[in-house]
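**Q** Chains as they are written, first to last, in the working numbering: chain E, 5 to 328; chain P, 501 to 757; chain Y, 2 to 394.
Worth double-checking, as some hints may not be accurate.
As the list claims (entries may be wrong) - The calculated lysine-lysine pairs, modelled on DSSO-like cross-linking and capped at a C-alpha distance of 27 Å, are:
(1) E/Lys294 to Y/Lys370
(2) E/Lys314 to Y/Lys134
(3) P/Lys729 to Y/Lys130
(4) E/Lys191 to E/Lys168
(5) E/Lys18 to E/Lys191
(6) Y/Lys115 to E/Lys143
Derived from the structure by calculation, the hints contain no laboratory data.
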Amino acid sequence: MAEILVVAEHRQQKLADITLQMLSKGSQLADQSGAELLAVVIGKNVDIYAQELARWADRVIIFKKDELEGSLAEPSQMMLSSIIKQRRPKLVLIGHSSFGMDLAPSLAIELGVPVITDCIDVTIVSDNITVTRSIYNGKLNAVYTFVPSETVIVTGRVGEFEVKERNLRGQIEEIDYTMQENIEYKKFEGYIEQKIGIVDITQADIVVSIGRGIKEKENIEIAQELAELLGGVVACSRPIVDYGWLPSEYQVGLSGKTVTPKLYLALGISGAFQHVVGLKGSNMVIAINKDPRAPIFNIADYGVVDDIYKVVPALIQKIRELKD
Amino acid sequence: MDVVVCIKRVPDTADVVEIDASGNDIETDGLAFKINDWDEYALEAAVQLTEKQGGSIIAITVGPKEWDDVLRRALAIGADRAIRIDQDMVTADCYAVAKVLEALIRNLSYDLVLFGAQSEDFGSAQLGVMVAELLGIPHASLVVSLQVDQTTARIKRELEAGTLEAYAVELPALLTIQTGINQPRYISMAGIKRAMSKELQVISLSDLDLTQETLSPTVMLEKLELPPKDKKAELISGSPEESAEQLARILQNSGIF
Amino acid sequence: MTLTSYKYADTIHRCFRCGYCKFPTNWADVNNCPAYARFRMETYSCGGRLWLIRAWLSNEIEWTDHLAKIMYTCTACKNCEEKCPLRFNVDIMNMITAVKGEMVERGLIPSQVKDFLENIQRQGNPYGKARAKRGEWTEGIEIPKYKGQDFLYYVGCVGSYDTRAQETARTLGKVLTKAGVSFGVLGGEENCDGNEVNALGEETLFEMMAEENVTQFKELGVQKIVTLSPHSYNTFKNDYPLHDGNFEVFHYTQALRDLIQGERLDVSRGLNTRVAYHDPCFLGRWNGEYDAPRMILNAIPGIELVELEKNRAGALCCGGGGGNFYTDFLGGSESSPARIRAREAYDTGANILAVACPNCMTMLEDAVKAEGLEDKIDVKDISEIVVEATGIA
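Chain E on its own, in the form it takes in the complex (with noise of 0.2 Å):
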């Protein structure tokens, strides 16, 4: 029976969010096409995940070793080749994150088998399989399909897909398998994780974040003014920590951290995806932005096509006004 095979990724003792995403997409199309789901899950102590991934897949295949540390793209790619070859799996879906980054494009190559990133959608018509991808910057879509080959590997972009919860009894086998190499020529020498600093902006209720639009470090004062006014926060898209305008726990987005206000107030932001799959989560999204082919308009609740410097100051004047 024809296989799709999802890679599980996961860190700090939960799988990641990408993953889930993944396996519900392989779960439908598995449905579609009639094929079985496999989910292959390789780490230190990965058995922890075991039940749950058995859950989603017909089959999970834990491969489980101490010495494995770090984002783990080469042991992974490594253990996936020699599986992959040895079950001919018609799909490989995996997530579109820092770890599929690393890992996808080098066992296509290792494979030599077909690979297409990031996509935002992947259907499976009569065998054909078909994915959509984003492109200029979310201006268009690209529809690909693959010369015909056993096995293409898709990764699937975090956040656009749909996570919907299943009750499989998967059969679990975990399986030894002697590493060829020992990875020396890149070694993990450790996470470095995010300073808690004052602020943790995902604890926040009201966040007031400013991106590109805001043209100047100074000007960063308005938007403090109005999170102060409304008792929240301030965050920011990632230009702005690249500029060293603000640290980076100040970032919402794909590099930086997940928020879920009641209202999330995106001020001069294009609303690239990198950004936007860190605020989908949020109650109530207003944007403002000069840009009326803005991105954000796409996932904003309300928008105000206009100057920030114009709308804003005028916005805690009668924020004030009303309060009183």
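Assemble chains P and Y onto chain E, guided by the hints.
**A** Chains P and Y alone, transformed into the frame defined by chain E:
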């Protein structure tokens, strides 16, 4: 410290991007082009390394004649010489481009190969890692911190949620560089002019013993389409004061204050 | 990073630290250097900057981001040159431009200045908006394309892309048409004049831009140019001859003055209002034109022209020069020069603050709003006042 930096020429994504008549490419008329943002960080990283430790930088790209301008820019930023493989591969798949680049790089002497983590146009984040595997050298992607000595690159790469992981990678190695690792310097027009005297070599596929067949695709781009608008924000219009008033009321009614 | 070469190394020490560079011609206050008015620290005055340059040159200080920022807060308004009592005063502004040039060469410039220059390199305007959209300001009106008419009406980047300034550009076009002037615009084919690029120290880029424009103008047979912006006027008149571009250049206020005096423009319909006129630096101090705009306003029946306390050679810069209309280093405070100027205008009791420059327009209009004075005083371009006085639709 000899560094090879691979760069790409991309359209300015601030511009409007339209699908052309063929349906699987974009309309390039009237678009401004530039060097890929991530590649600027990679070039700046390379220049900072060689400024400290000596060595040379070669900038390479695969593209038609128009792509000379990004190589000139790389030379102005500080690359010592540049090589363009004369082949239009914008719509080719990453694997084909990786093969072409590998064919060139394997004949160069290098301690480090740098790529930008992804490109502004297609953003696959595949090419660098593919080239590393083809070259048979260690790789690390999304590098946000880099320190190099004779034998090892000590890097930090980006995970999710602000966490980083540290690795010691044996040279020669390939790294893909993430934005924010440094502040790319401004390149003045005078700098670009001075760089005109630096060597820019153009070679062909046959110089690399490659033929069109080697470049046969593994994936097919079927079409480009406009993304569906999944949600429309309720747009508030009026003067800034009027918008502010409406917003303030929305916030008040939602119990925000 | 040390400053190893500097054009004015042998005269940089001559600043006497007298502080005159901060005063207006009538000694009304000590805040006539716009950056000093904003920050109230000596480093932000011309003298302060000169001493910092000297310190950098002699290795007493190192380059930092902050030093670059201080240099780039200079809006090139020339108040310092106007007031400095020493013989080397003709060079003092150029000294600051020269150090900006050194920073540009080393890539040591603030990120906003980098963006400004890269946007111009890439899209031909500092906003980074698509080059293809440069001609869009002409939509909706009848305005002739330049094909060898008497005058090239040159608009510039602010007039082409800023929504408020676009209105001014169109209005001036209407006035010129009404007066029967033979003129045309370049629309989408127009290229940035480079005045700000020059003021920001990117000499080589400026040279390239000037040469391209000179070539284009010559090919089109341009002989006379009338500009919307004093910035364009300044560079076409004073810099372009050094690049083989010898044209007869007028600022539009000079043209309108001639048209009114020559009775080709009838302003007799008049306008009953009190107007204060703000002298733009690139028309006034840079090029000595203080009278043409005033003659226009005085010629309109019903207009009561009042003078701002600091006027003519002593005018306070709006803070929009030296790229600051984009980089906004002097913004974000009630001490921003534009806001000070808005308050000064309000104090005269004027209903209209008249400007003759699109940069001044955007800076002062924003300032009037920031001061909460938008119901009390209107910022209008002289062309807009003329259009009302002539009754042109």
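**Q** Give a verdict on every hint.
**A** Here is what the structure says about each hint:
Restraint check for E/Lys294 and Y/Lys370: the C-alpha separation of about 18 Å stays at or below 27 Å, so the hint holds. With a CA separation close to 24 Å, the supplied pair E/Lys314 and Y/Lys134 stays within the 27 Å bound. For a cut-off of 27 Å, the pair hint linking P/Lys729 to Y/Lys130 stands: about 24 Å separates their Cα positions. Restraint check for E/Lys191 and E/Lys168: the C-alpha separation of about 37 Å exceeds 27 Å, so the hint is violated.
About 23 Å separates the Cα atoms of E/Lys18 and E/Lys191, which keeps this hinted pair within 27 Å; it holds. A threshold of 27 Å between alpha carbons decides the hint, and for Y/Lys115 with E/Lys143 the separation of about 26 Å falls inside it, so the pair holds.
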